[in-house]
Amino acid sequence: MSHTPSPGIITPKLKANTIVNMIKKGIRSSGRGLTDYRPIDVVVGYVQNADGSALVRLGNTVVVAGVKLEVGSPYPDTPNEGALIVNAEFMPAASPTFEPGPPDENAIELARVIDRALRELKAIDMSKLAIVPGRRVWIIYVDIYVLDHDGNLVDASSIATLSALLNTTLPKVEVDESGNVRVEKNIRMSPLPINHKVVTVTVAKVENVLFIDPDLDEEGVIETKLVIAVSDDSRIAGIQKSGSGGLTEAEILAALDIALKTGVSLIKTIESRVLEPTLGLSTNTLGQ
Amino acid sequence: MQSQEAQRILVVPGEVVVEGDYKILTPSYVIRIDRKYIATIVGLAQIDNESKEIGVIPLEGCYIPQLEDIVIGYVVDAGLTSWELDIRAPFTATLYAVDFLGRPINPAREDLSKYLASGDTVLAKVEVFDRNRGPVVTTKGKGLGKIVRGTIVEISPVKVARVIGRKGSMHQLLASETGCEVTVARNGRILISCPNRELEDILVMAILKIEREAHIPGLTDRVKEFIIREKVRRGLIGGETKTD
Amino acid sequence: MEKPRLIREDGLRHDGRRPDELRPVRISIGVLNKASGSALVEYGGTKVLAAVHGPREISQRHILLPDRAIIRCRYHMLSFSTHERKSPAPSRREIELSKVVRESLEPVVISEVFPRTAIDVFVEVINADGGTRTAAVTAASLALADAGIPMRDLVVAIAVGKVSGTLVLDIDEAEDMYGEADMPVAVAPSIGLITLLQLNGVLSREEFSEALKLALKGASQIYEKSREALRDRYMKVKVEE
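Chains as they are written, first to last, in the working numbering: chain A, -8 to 279; chain B, 176 to 419; chain C, 2 to 242.
For the record, the hints were derived by calculation from the structure and aren't laboratory data.
Quick list of in silico lysine to aspartate or glutamate cross-link-like pairs, EDC-like style, CA-CA up to 16 Å:
hint, chain 1, residue 1, chain 2, residue 2
1, C, Lys237, B, Glu388
2, A, Lys6, A, Glu210
3, A, Lys252, C, Glu207
Using the sequences provided together with the hints, build the complete structure.
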């Protein structure tokens, strides 16, 4: 059963007032503007045993996403297509408010929002992922782990997911006469076929002011947020209002315009980090 | 001059009751946005354009304790130094043993359930109620204490005001027409004690009629006619049944 | 389910509706005896029951809040409500929808009136034919009103979809399954607040604005029906003679 959450970590009223007043003036504690992201670091290939991976740092929020490819049976309604399964876990290491156990509603919501955006946009070309049509296909498992929580877990996770998918390569497979599939994990054939790139842009609202990429302190004062999935061709690939408040029609349209503008440039940033990993921090953003 | 009842308007949450500048008499049930006064509940709005006052009487809802309310509680638990009472509020009420017994008790030697056990009924008054703790009730006062005889009729707590009536008129009517003792508690429990079973039946039916028709004008007259008609029908008094 | 022709040659939908036409909406309030409030809402073949208990004290005291009531919400589908039997175990979809339905109600419930209590909202999908979460929001808001819980406004919800390139109001299951987009919207019309917004599918910026307008238009019709249903409970009480 879903219930009104406790504040978790109480933000002192004085601090909350300061944050709100600054946002209303268009400035934020870190010096950035209302439509600026925090600095983004992407390290692709962070996990050698994954078929694709990325460690993403968004400000002080750290998320690792990994892709594992397995050979499996297709869904009955899409016999000649691969399948996608997205899961997210908020690790107890990431915050004193996270507890071990099965994913809670926030983790489930996050995973499903990212899953839907990829699925509805047909971001991955599933038709190229059949190995033995009708019988054996690639199942793509995207697992997202939040390692350090300083706000805006959805966007950090979506950046990590896109980066990990762009980093994923298909291993060599051999199919014998009786249709058995043998995978050669050590021989990489081609990148995962990608049709479209997509990221989420989270627009937060406090007292009629809209701003993006809330950090944890800011999340403590916002009324609600709109998570907007933006495709590389400037379409809206999903929306999720999340949080206990509401928005007016005008606020929603304004949030969309902010998201579309920000999302497209965010995708470009990610592409450059993934294609030229040296631009990101080369080895280890954890503990550096 | 129109009667008070005629000026009542049935409203639902979100309904703009009136625009302008008014004093809100029922803060939980009316909110102001700009110059609009919006009802927050299914109820009867009363607008007084002379005194510029607005209020909404709820037609649905639970009992919310207020200081000095007379309530009827059912004992749900006997603790070491107090009882827990179900008073149909979102919170159970506490009745301290020292209040009920009029003396301190030693929990090591005395078992409170000897005096009031789970299932017992108590007539009490709300003594303390604030946002930080549940209500505390007292049995100090005339007629308060453990209830040992009579019947309890339960109605929706928001309809209690209609059973009492303006200046107690409905309450008086019910008591005088049936000859029963009627104690109306604010939490929608009504203790009745009647001379005979027939009169008790009539009184219960009359109370439930008030609950059902609380929002329809002309209630007092209808209830009076109803009681007389039932008494005639059951041969308790002579005379013709009034027909329309 | 076979894929029907979603938009026919005459421009009407597979079930004969115009693009901006709702299915028949039926609303019954106070359908349960023991709940503090209840409502049964039907959008065409979709049938959803909502029950409210409370405000009440609960045993899990650590989740209570000192300055307001918490809202607890469970969106739940009966196992036989769908074409394929739904396992009784809570699905990830149900967990997410419990959250978004609760969050659609939070902005209107005046929870400060009942500190340290819980208001419980149980939504039971009895038959699913598209739009179960939107019918759930409408039913839950009416059940809260029936329970006498103060609210800034009623919340009503409706979905807009895109099928065969056309934006349509109140999509049913076939349109959801074979359409390109499903966008549930919940709104508190009197206070002008949108309290639930999801988009499952891909829309351009222009399509989105149009879809939102269409949803708000549909919502205002459901809002009127909801208010009428709440009033009717009292207007239709006959004086016994």
